[in-house]
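Below, each chain spelled out in residue letters.
Number of protein chains: 2
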Amino acid sequence: YRVYVEYRTALGLVGTVLKYLSLALVLPVAVALYYRESPVPFVVTIAVMAGLGIALERLRGDGELGHREGFLLVALTWLAIPIIGALPYLIAGEGTVAHPVNALFESMSGFTTTGATVLGEISFDRHSRSILLWRQLTQWLGGMGILVLMVAILPELSVGGAQVINEEAPGFALEKLTPRIRDTARALWTVYVGFTVAAVAVYYGLHLAGMAPNMDLYNAVAHALTTLPTGGFSPEARSVEAFSPAIQWAVVLFMIVAGTNFALLWYVATGEPRRLVRNDEFRSYLLAIGVVAVLLTTLLFTGLGLSAVPTNVDPIPGDLGNSVRQATFQTVAIVTTTGYASMDFNTWGESSKVVLLLAMFLGGSAGSAAGSLKIVRWLLVRRAMARELYTTIHPEAVRPIRFTGKPIEEDTLRGVFILVLSFLAIFAVSSVVLFLDALRVGLDLSAIEAVSASIATLGNIGPGVGVVGPMNNFLPFSNASKLYMVFLMWLGRLEVLSVLIVLSPAYWKQ
Amino acid sequence: YRVYVEYRTALGLVGTVLKYLSLALVLPVAVALYYRESPVPFVVTIAVMAGLGIALERLRGDGELGHREGFLLVALTWLAIPIIGALPYLIAGEGTVAHPVNALFESMSGFTTTGATVLGEISFDRHSRSILLWRQLTQWLGGMGILVLMVAILPELSVGGAQVINEEAPGFALEKLTPRIRDTARALWTVYVGFTVAAVAVYYGLHLAGMAPNMDLYNAVAHALTTLPTGGFSPEARSVEAFSPAIQWAVVLFMIVAGTNFALLWYVATGEPRRLVRNDEFRSYLLAIGVVAVLLTTLLFTGLGLSAVPTNVDPIPGDLGNSVRQATFQTVAIVTTTGYASMDFNTWGESSKVVLLLAMFLGGSAGSAAGSLKIVRWLLVRRAMARELYTTIHPEAVRPIRFTGKPIEEDTLRGVFILVLSFLAIFAVSSVVLFLDALRVGLDLSAIEAVSASIATLGNIGPGVGVVGPMNNFLPFSNASKLYMVFLMWLGRLEVLSVLIVLSPAYWKQ
Ligand SMILES: [K+]
Ligand SMILES: [K+]
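Chains as they are written, first to last, in my numbering: chain X, 1 to 510; chain E, 511 to 1020.
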């Protein structure tokens, strides 16, 4: 029996990624020193990550990094980093994430920019500032990785119609991992870093202007680090509810940016704003946000979408400003898959929650760090449906599907169909799995809660409803369910098919 | 402005169908006379149906019945018949179906073999025997129509990958509506009538053998009429719970037959049983039933799948025979989309209901009167997924998808993808529509109830959970929601795309 995958080459590259990534841990070390907390968790992790990285790098033979090895590289990278990234939680030993399964969950949730948490208590009493910043940083690093994956690697591997994902940025040959891929990565990272800095400036600026009393520099950095990657982690237990309406509107703005194709933002920065406004996905993205926000505003303003049992939180019915803000914030947080909360939407009525739940399947734009299915896929599906109706009447007609004017290949379209169906099938089965496992351990989970946990993790969104609502956490689940959701976050982040390919027996044979 | 559809030709053929269909109403007339009830509702309906039929037939010009007109014929037939079929309910004026919207709902539910009811009280006190038999008969007639549609017409129109639907029975040219289409229709109807007669014989035979005290001849005929078309209507308020376990097992058997491709059953009858056992869809169909039944049996037997609040109905936990029977019955009733109930599964726990809800998407076999998506489509989707993984690793490989050994064309496969995605999208949107409309009128509907009402009608299944549970009815919905569900039943029955095509503007233009 012979393995036909040059796995040593893939492992070697994983090593290189680990080696460079370990440098990022200098930031939490600095934060720890600044706040006079122990830097040990991060120093140890740096040692492990760099050491393992260098060791793996040595493994690398002369094998080429081909098509197959690309999949392995992607899958392993997103597995190795979250595992090593769990070390700080384990070593720090603070609260619930001192448990290995919880530490892995939190780390995977971070690097996949999911934002689902198993922190029992989010506070500086329970956790050190450096650990809570590390948690934020994992999402920022994860977002950075996802941008390269989405724009440069997956299209090259032709996964699930990823070719269209960034038709704005042409593909590259993975083997020659130089000029163009580096240029693109640099362009995207420039946008990413630029907007992160801008978010810090705006958040902290509002604080300095007296419009956000509790948005200190720590909080400004912490939230900027999880806005741009559509991550959603917050060192505040009440998420963005903890801040003023001015901050909430600023976060809405940056979330919309974060859910936009970064290649398009680069074109805007380089003087071609037309490419953004003419882009089909960007238009549909804004339209989707608009439609959901208006629907939700109506539900909140009329009170129809609120629970029959009144709660003591913000009364919204009849207050247009409040309704618009809460509805817009929650819509944008969900559609961009960021997952922040401006209030506990768990207290809303089931109708509002169902609208949010359905919006979870949209996803932001391709070429961003957003999760879930992404607007472009739904757009292509809708166009393919219209074409099918047309060609059924006119069987002789040949009509390519177009995206921003360019024809889409049929193979790409087929990949999109299969990805959407696979995603939906895994979502449905996972809902039942989580539901039945909860039943097994006696956790009182409702069907809608199970469904929301399934899409919140597979879609890298973060919060669901009920027990996994925005102000709650994923702690009550069994270890088996938590590990299953770790798998779902990994699967969802890598666009499902890349993982399934590596897990398929055919992958390892000739 | 010129209409390019030869609608007169289509209308003319609808007229022919109406003319012949009116003959079927002789049965309820006879039943009315036998039970000394008024035959007026049926006599008037015969007059209207035959009269309109003859009038429409005269409309028919020399236009050819082409591809386009085929869609119109199908859509109009399934609209005209339910509308006229509502007349007996209106004229008889018994109970809730005396209301026009309810009468239309009940009639559409009948002819589409859905089985969702708006009868407030199902009893011989409230309703005449002839009206309740007419209700059963609408399903039997609807099933007969669907067999021809599925096997002979849709494949010809190439709708949603319907070409594979019956790869066992080759397609025909619709224009030459003679020898082969007639032969096939005759073969299918022979199977259909034969098994209906067999069901009457078995049901009534068990009664004569003393194993089914209340299964008199009326009931035997009434239930046989709704078993074979996977209809699910019953003149008993408690559905099949009203009968003995022996009857329940007999019904399970006939439901399994009803959910099988009738072309395969014809081959069995003509000495080629191998074609049945070798058929990929038939195997998957049995496998699906087996998996769901085992899962449900486990849930019932262990009590995990029962509600935390015990009810005074049949206690099942620990009783293997009872668990197996209830689980198998309910599984088969849902997978075949028949919708009968052997007990009120509404009293079960949410987990069991979620399993049933998910099973609602399977559907029986193509080439039967079953609704929903059908096993063959899921089978093709699964195979396409496996192939996608394979071809992503081996981009140079060309691998057709096979079904029972025969390669499937890519166009057909694309049609299947689009149908599945359209069905799921309409289901999701309809769930929200029904939910919000309930909210509008102050009907206390939960999300899972809205979801179940959506799939129960779109999938032509019948009962859902909660307010639309098997022992309840669709009466509480607003008229708007009821008319919307009438639309969903029509849409679902005609495989979604045929209706959407006729409703698309492009259909009416050159
Ligand atoms: K997120
Ligand atoms: K049915």
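For the record, the hints were derived by calculation from the structure and aren't laboratory data.
It should be emphasised that the depicted structure is a prediction, and the values quoted were computed from it without experimental measurement.
Some hints here could point you the wrong way.
Covered stretches of chain E, going by a simulated chain X footprint (3 or more residues, C-beta under 8 Å) [to be verified]:
(1) 737-747
(2) 887-897
(3) 901-911
(4) 925-931
(5) 956-969
(6) 1008-1016
All C-beta atoms, glycine included, are put in the ideal place defined by N, C-alpha and C.
Status of each hint after checking the structure:
With a threshold of 8 Å between beta carbons, the proposed coverage of the region 737-747 of chain E by chain X is violated, since 0 of its residues qualify and at least three are required. Requiring three or more residues with a Cβ within less than 8 Å of a Cβ of chain X, the coverage given for the region 887-897 of chain E holds, as 4 such residues are present. Requiring three or more residues with a Cβ within less than 8 Å of a Cβ of chain X, the coverage given for the region 901-911 of chain E holds, as 3 such residues are present. With 5 residues carrying a beta carbon less than 8 Å from a beta carbon of chain X, the region 925-931 of chain E meets the three-residue requirement, and the given coverage holds.
For the region 956-969 of chain E, the proposed coverage by chain X is satisfied: 4 residues have a C-beta within less than 8 Å of a C-beta in that chain, meeting the threshold of three. Counting residues of the region 1008-1016 of chain E whose CB lies closer than 8 Å to any CB of chain X gives 4, so the stated coverage by that chain holds, three being the minimum.
Figure legend: structure checked against the earlier numbered hints; the only hint not met is number 1.
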